[in-house]
Amino acid sequence: MSVDPHTNETGERSDVHPAARILFGWVSSDRTGQVIFWGLAILGVLFVAADAFIDRHPENDIESYFGFYGAYGFFAFSFVVLMGWPLGRLLHRDENYYDDQDPEMEDDQ
Amino acid sequence: MSAFLASVNPGLLLILAGVVAAFTPFQRVRQALAIGVPLLAIVVLLFADLDQDLAQVSMLGLDMVPYRVDALSRIFGLAFLIAATLNGIYALHQDSILEDSAAMIYAGAAVAAVFVGDFMSLFLFWELTAISSVFLILRAGTREAHAAAIRYLVVQVLSGVLLLFGAAQLFVVTGDVSLRALELGEDAGTWFLMVAFGIKAAFPLLHNWLQDAYPKASIVGAVVMSAFTTKLAVYVLARVFTGEPILIWIGAIMTVFPVFFAVIENDLRKVLSYSINNQVGFMVCGVGIGSSLALNGVAAHAFADIFFKGLLFMSMGAVILRTGTAKATELGGLYRSMPWTTLFCLIGAASISAFPFFSAFVTKSMIISAVLYEGHLIIWLMLLFASAGVLEHSGIKIPYYAFFGHDSGKRVKEAPFNMLLAMGISASICIGIGLPAVAGLGYGFLYSMVPYPDVAFGYHPYTTGHVVTQMQLLILAAFAFVLLNRLKVYPHERRGLILDTDWLYRRIGYDIAIWCGAIWAKVGPALGRISSRLWTKAFVWIEACFSPQGLISRGSLTGGMAIWAGVLLCAVLVMSFLAEA
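Protein chains in written order, with the numbering used here: chain Z, 1 to 109; chain U, 1001 to 1581.
Mixed in with the good hints, there may be bad ones.
[Claimed, not checked] Some chain U residues flagged as far from chain Z (calculated, every beta-carbon gap over 10 Å):
1. 1078
2. 1098
3. 1172
4. 1417
5. 1473
6. 1484
7. 1529
8. 1538
[Stated by the list, open to error] The following label-pair restraints were derived from C-beta to C-beta distances:
9. U:1515 with Z:59: 21 to 29 Å
10. U:1161 with Z:46: 19 to 27 Å
11. Z:46 with U:1428: 27 to 35 Å
12. Z:38 with U:1050: 47 to 55 Å
13. U:1439 with Z:32: 48 to 56 Å
14. U:1535 with Z:94: 30 to 38 Å
15. Z:96 with U:1439: 24 to 32 Å
16. U:1050 with Z:57: 41 to 49 Å
None of these hints come from the bench; they were simulated from the model.
A virtual CB, placed ideally from N, CA and C, is assigned to each residue, including glycine.
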C-alpha cells in the first residue's frame, strides 16, 4: 500500500481538499522536481533548436542571433535573482522599521 | 428613459449606486447594486454613439463635456465596468456598508473620468477616485493601514491639485479646457499635467504610494484598487501625451526597476504592487511610442492587465482571508487545501507572463513589436529583460511561495464560493482573450475593441516565430529558476521590510520633522519670552511718546507737528500734479 504523500510535517494524515488530489496530486511525488528540471531543460533545447528551422523575420542584428531569446531570458532571469543577494543586504530592514505596526503584531515577532 | 440613459455618463450610475449603498443597511440590496449597476452601465456603454459629445454643460464660463465615448475610452471603460462587476461578486461574502459604498463610488469615479471630454470634469472625478478609495485602505483597520491611508490621500490629492493647476493654466492661455492631445512644454501647464498623471501612473520616484498603500488595504480593497487608479492614468496619458518621447524612457525604466524590488520582497501583495508598476511601464512606453500599433497594444494590454492583475490580487486576498497573511515566509503548500485558488492563480501567473494562449501574449507583444519596429534597440532590450523579470516575480514567485514550495503546514478551507466564482470568471477572460482568433472569438474580440482595429487585425500574434521566441524566453528563464534553486543560490525569503525611495520621506523627512519639532519645543518658549519682553518695552516707549501725556503731546509741539504735516502733504500734492503734467 502506497503512503499518502499529502501529509503535513508532523506526519499526520492531513486535511487535503479532494480537488487537490486530482489537480495537483502529481506535485508531491518525489520525482516531480527531477521531471520539471529535465522537462524544462529539454523543452528549452527544443525551442532553441527550432530557431534553425523557422523563418523569424528579425528586425535587427541582435534578434537574428541563434537562440538569442532563450539566452537573454536565461541570463536576465539569473541576473535579477542573483542581484537579490546584494540588494537584500542593502535594503532589508526589520518589519517594524517605520514603527507603524500594531503593538500586538510586534509581540508576534 | 433610454434617451436619458444615453446621455448619462455610466460612471455616474455607479457613483449614485454607491451613495445609495452608503445609506442602505440591507446587505443583499447593496450587493444587488454592486453587481447589477455595472452590468446596466455596460449595456448603456455598448449602445453609446461614438465620437460625439453625448452631454454638454456650460458653467462658470467653461464648456464642459461630461459624457463622450470613443474607441479609446470605450475599451478602458468596458474593462473598468467588468472589473467592477467582478469585484462586486468577489465581495459577496462580507457585509460592509463602508467598503461596498466606497468601492462603487471609486469604480464609478474612474469610469466617469474615462468618459469625460474636458479637464475640469476630469479633475472632479480624478479627486473623487482618491477620496473614495482611501476608505478601502482604512477599512483594513490596522495602525499601518491608517498611516498609509493618510500618505496615500496626501499624494493623490496633490496629483489632483496639480491637474487643476495645469488645466487652469491651459485655460488661461488657450481658453480651451477640452481634453485633447498636447505637447509637453507647449505651455507650462502641460508640465503640471504630466506630473499629475505621473503620480497616478506611479512613475519612477513618484511610485511609492502604490507599494505603500495597496498591500495594506483590505482584502477586497486591494483587488478593487488594482484595477482603476493606474489604468486611469494610462488612459489619460494616451489621450493627452500620445507620442511624447520622454514617456518611452520613463515607461522602460518603470518596467525594469520594480523587478529587482519584487525579487526580495516578502509580502506577496507588495510583490504584486511592484508588478503593477512593471506592467504599467509597458503601457507608458507604448504611449510614448505613439504609433497605431503601440496604442492598440496599450489599450489591449490595459484591458488584459485589469483582469490578470485583479485575478492575482484576488488569489492573494483569498489566501489572506484563510490564513491571515500574505507573507511568503509564512505561506507554502496551500495547494493542498486551496486547489481552485491555486489553479486560478496559476492562470493569472501564466497570463501576466505572456505564455501563448494567455492574454498578455497577444497584448504585450504589440507594444514590444511597436518598439522594435520604431528601432528603439535599448528600450526593446529593457522590455525583454522586464518580461523575464515578470516571469520571476508574478509568474513563479507568487504561486510558488504561496501554494507550493516549503509546506507551511497550514491546512485551511478553500476560498468562499463567491471568491472562486470571481476568480473563475477573471481566469476565463484571461484565457478567452488570449486564444487564437476564430470566428470573432479569442483575441479577435479584444482586437475589434482597440482604437485602430484595422491595424490590430494586420498584426498576427500567433506566428511560429513569435510563439517560438516567446517560449524560448520563458522556458529558459523558468529553467534558470529551477537551476538556481537546485544550486541553492536563490535568495531566501526573510521576514522584514525592503526599503524603497519612500525612505526619504518616511525616515529622513519624518526625522527632520521630528527634529524641527524638538527644536521648536525648546526655542519656541524662549522666543516667546524674548518677543513678549520686546513688545512690553516697545509699548512702554510708544506710550511714553504718543499717549496724551506723552512727549510729543506736550507744549506747543503738537501745533507745530500739525503744520509741518500739512506742509508735507501739500508738497506731495503739488509734486504729483507736476508729475501728471
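Each hint tested on the structure:
1. 1078: It holds; residue 1078 (chain U) is separated from chain Z by about 32 Å at its closest Cβ, greater than 10 Å.
2. 1098: Answer for residue 1098 (chain U): holds, closest chain Z Cβ roughly 20 Å.
3. 1172: It holds; residue 1172 (chain U) is separated from chain Z by about 42 Å at its closest Cβ, greater than 10 Å.
4. 1417: Answer for residue 1417 (chain U): holds, closest chain Z Cβ roughly 13 Å.
5. 1473: violated (4 Å)
6. 1484: Not fine: 5 Å to the nearest Cβ puts residue 1484 (chain U) too close to chain Z.
7. 1529: At roughly 34 Å from the nearest Cβ of chain Z, residue 1529 (chain U) sits farther out than 10 Å, so the non-interface label holds.
8. 1538: holds (45 Å)
9. U:1515 with Z:59: 21 to 29 Å: The hint (21 to 29 Å, Cβ to Cβ) is violated, given that residue 1515 (chain U) and residue 59 (chain Z) are roughly 55 Å apart.
10. U:1161 with Z:46: 19 to 27 Å: violated (56 Å)
11. Z:46 with U:1428: 27 to 35 Å: Between residue 46 (chain Z) and residue 1428 (chain U), where Cβ atoms are some 30 Å apart, the hint holds.
12. Z:38 with U:1050: 47 to 55 Å: holds (54 Å)
13. U:1439 with Z:32: 48 to 56 Å: violated (38 Å)
14. U:1535 with Z:94: 30 to 38 Å: violated (50 Å)
15. Z:96 with U:1439: 24 to 32 Å: violated (57 Å)
16. U:1050 with Z:57: 41 to 49 Å: violated (35 Å)
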